[in-house]
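Novice: Protein chains in written order, with the working numbering: chain S, 1 to 376; chain H, 1 to 376.
By construction, these hints were calculated from the structure, which means they are not laboratory data. You may find that some hints are simply not true.
Any copy, or any two copies together, can satisfy a pair, since identical chains are not distinguished.
[Said to hold, decoys possible] Taking lysine-lysine and the DSBU-like style, the derived pairs with C-alpha atoms no more than 30 Å apart in a straight line are: (1) K251 / K156; (2) K116 / K290; (3) K290 / K123; (4) K107 / K260; (5) K290 / K82; (6) K156 / K107; (7) K290 / K156; (8) K251 / K107; (9) K156 / K260; (10) K116 / K260; (11) K82 / K123; (12) K260 / K82; (13) K123 / K251; (14) K290 / K251; (15) K260 / K123; (16) K82 / K107; (17) K290 / K107.
Number of protein chains: 2
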Amino acid sequence: MTNTFSFQLQSTHGAARTGVISTPRGDIRTPAFMPVGTAATVKAMMPESVRETGADILLGNTYHLMLRPTAERIDRLGGLHKFMNWDRPILTDSGGFQVMSLASLRKLTEDGVTFKSHIDGSKHVLSPETSMEIQRLLGSDIVMCFDECPALPADKTRIADSMRLSMRWAQRSRDAFGDRPGHALFGIQQGGLEEDLRAESAEALQNIGFEGYAVGGLAVGEGQEAMFGCLDYAPAQLPVDKPRYLMGVGKPDDIVGAVKRGIDMMDCVLPSRSGRTGQAFTRHGVVNIKNARHADDPRPLDENCRCPACRNYSRAYLHHVFRSQEMISGMLLTWHNLTYFQDIMQGMRDAIAAGTFAAWEADFHAGRAQGDIEPL
Amino acid sequence: MTNTFSFQLQSTHGAARTGVISTPRGDIRTPAFMPVGTAATVKAMMPESVRETGADILLGNTYHLMLRPTAERIDRLGGLHKFMNWDRPILTDSGGFQVMSLASLRKLTEDGVTFKSHIDGSKHVLSPETSMEIQRLLGSDIVMCFDECPALPADKTRIADSMRLSMRWAQRSRDAFGDRPGHALFGIQQGGLEEDLRAESAEALQNIGFEGYAVGGLAVGEGQEAMFGCLDYAPAQLPVDKPRYLMGVGKPDDIVGAVKRGIDMMDCVLPSRSGRTGQAFTRHGVVNIKNARHADDPRPLDENCRCPACRNYSRAYLHHVFRSQEMISGMLLTWHNLTYFQDIMQGMRDAIAAGTFAAWEADFHAGRAQGDIEPL
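Bound-form chain S, shown alone:
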């Protein structure tokens, strides 16, 4: 264990990278997928099970936690790690993105955002300064700058204005973060799908200086091709010696394409949310367990998967408990999906280190193209 925050790049293969982020709460092997623990729980999972899937770090949502149970309460109770029984690293977002998607009566000014809680209608303010304070109270290991993220498509002037506001907020976030050894503050690049704005944003962030850099403002509806188009240049605009985090991504092929383009960290609700709606991700694509074809199928979801859903249960059982709306359905499918996502990450880390990433990627796509096993 170290008492500082650092990043060691270990191998590269084309633009793809593998390395280790060291923190006082443990190492994060990159490329890393961060399961989302919105309200101080990764839905349907015990934290020790999340760890078993191979996760080194979780993401917590500032917006949700500030409203309930509140950051002050979590602080009084000893911080988010203790509260939710996860002693490894936690990254918290700034709250900005979710204010825009969940809160009502939002008012955006140079200072920040005022809004009403979607839970009880109470009024709150998020600004670079309050976001830093809330993330400090939560005890977050990796803190994100407070930024604004316009929905795409938007005209270039709107995107530029928004990006420049976010850069002013990045400076205020850096100032408010202060000196916190062992904790990291990540800047967030904005600029939509405009290469020149992305470059301007990257430069502004590096002039401020951060422990890591996120590619923000993607995965907001622009589609995979547009996102990959942006990732063809955006990561390279960021420092090579710092972790690069793509926020809110994604589906398995999004993740692989992002890593291929130089991304080190990602997060997404997809594996847990899909698990609760009966969707399983496998090497051979998506399986909808609610389909009648599984009702009598004694085979596991994926015979090569190490998760409890695959080791101990048939598709017929998973189908039955989904149809019966039993909690174990969400528990098992979430466990499976998180395991699959972590196994992709481990596969990519190994392949990048071994110099076989291109072959790994071809194999990944071939498995998906094959499709699910034939019905019996």
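Starting from the known structure of chain S, arrange chain H on it as the hints suggest.
Specialist: Relative to the frame of chain S, chain H by itself:
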């Protein structure tokens, strides 16, 4: 492991008994509490966690399973144990009780009951013969006779007629069960709160002969005093050398009072159902985790409890996840409640064996009288 079903009584203390039921799928330490796995899952629990709480045997509901996924399907898939990943003993009820409480358009004749499924309205028949066949297809280790259970209060003629019908059905159940080494068929005593009818029922059952005997028709709204009044004589009417099972009981003090009166086995949905509604059972009574008094409380539910909810989480966390309607709330509180129920059983088994059951019982009641810890 044995390949037969047997019961060894080891110690008694007054009417209370401790012993072991041996089955090919493992031993059942008595007095035993059986968690209920209605639809092939103990709600909110992984089966390995149920085992960790100390459960030696689960109960499965014939009514639910025959409708979905159907007994025939479970049979094709290798039986209920394999289907739900529980390789220890399973007791199945006969379906009779739940037909009466859940199904619509019931029609009761000497032959059996016709009814419509509460899930899809499809028509089904349950009779001693079909119930035995369904329980055989499920692979149940302990099969219950198909019986009829009148709601209380009812007049004595109705109770007597119903009991005698159940006794004729008990003979038909025995005949239909056939010769199945390693599997047990339990008869069910009826007779409401009438001592002479209970005696008549017990005699009728013993004339047929069963591997165990249930006290049926209680815990149907008659209240604890009336139930204990019946248990003051009913168990003693049954053979001393066979297990005695009190169906559908109960709250912790019901369980202790039943064991004191000579009951060896019980089942109830209470620990799991209450866990999902924010109620925790502790040595000091019931804790409603949704109460605001817990919102800032850093203490565990019960500092002496060995379950994950108590070892790893504060009341404040349990309160937060309940209020946030997170699945981990039901997962943790169910785990706690099942652990508490199993710890009561272990405490009674030890105390009966040590000849200290009276002291144990006094301690149990004193702990409950003490009430929950004071708010901070």
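Novice: It remains to establish, for every hint, whether it holds in the given structure.
Specialist: Evaluated hints:
1. K251 / K156: Within one copy, since 28 Å is at most 30 Å while 66 Å is not.
2. K116 / K290: Between copies only: 24 Å across chains, 37 Å inside a chain, cut-off 30 Å.
3. K290 / K123: between (41 Å within a copy, 24 Å between copies)
4. K107 / K260: Neither: 38 Å inside a copy, 66 Å across copies.
5. K290 / K82: Answer is between; shortest inter-copy Cα gap is 20 Å, intra-copy 37 Å.
6. K156 / K107: So K156 and K107 pass the 30 Å test inside one copy only (22 Å; across, 72 Å).
7. K290 / K156: neither (43 Å within a copy, 49 Å between copies)
8. K251 / K107: neither (32 Å within a copy, 53 Å between copies)
9. K156 / K260: Result: close within a single copy only, 28 Å intra versus 79 Å inter.
10. K116 / K260: neither (40 Å within a copy, 57 Å between copies)
11. K82 / K123: within (28 Å within a copy, 53 Å between copies)
12. K260 / K82: Result: close neither inside a copy nor across copies, 35 Å intra and 42 Å inter.
13. K123 / K251: neither (35 Å within a copy, 44 Å between copies)
14. K290 / K251: For K290 and K251, only the intra-copy Cα distance (20 Å) is at most 30 Å; the inter-copy one is 36 Å.
15. K260 / K123: neither (42 Å within a copy, 57 Å between copies)
16. K82 / K107: neither (34 Å within a copy, 57 Å between copies)
17. K290 / K107: The answer is neither: 42 Å in one copy and 33 Å across copies each exceed 30 Å.
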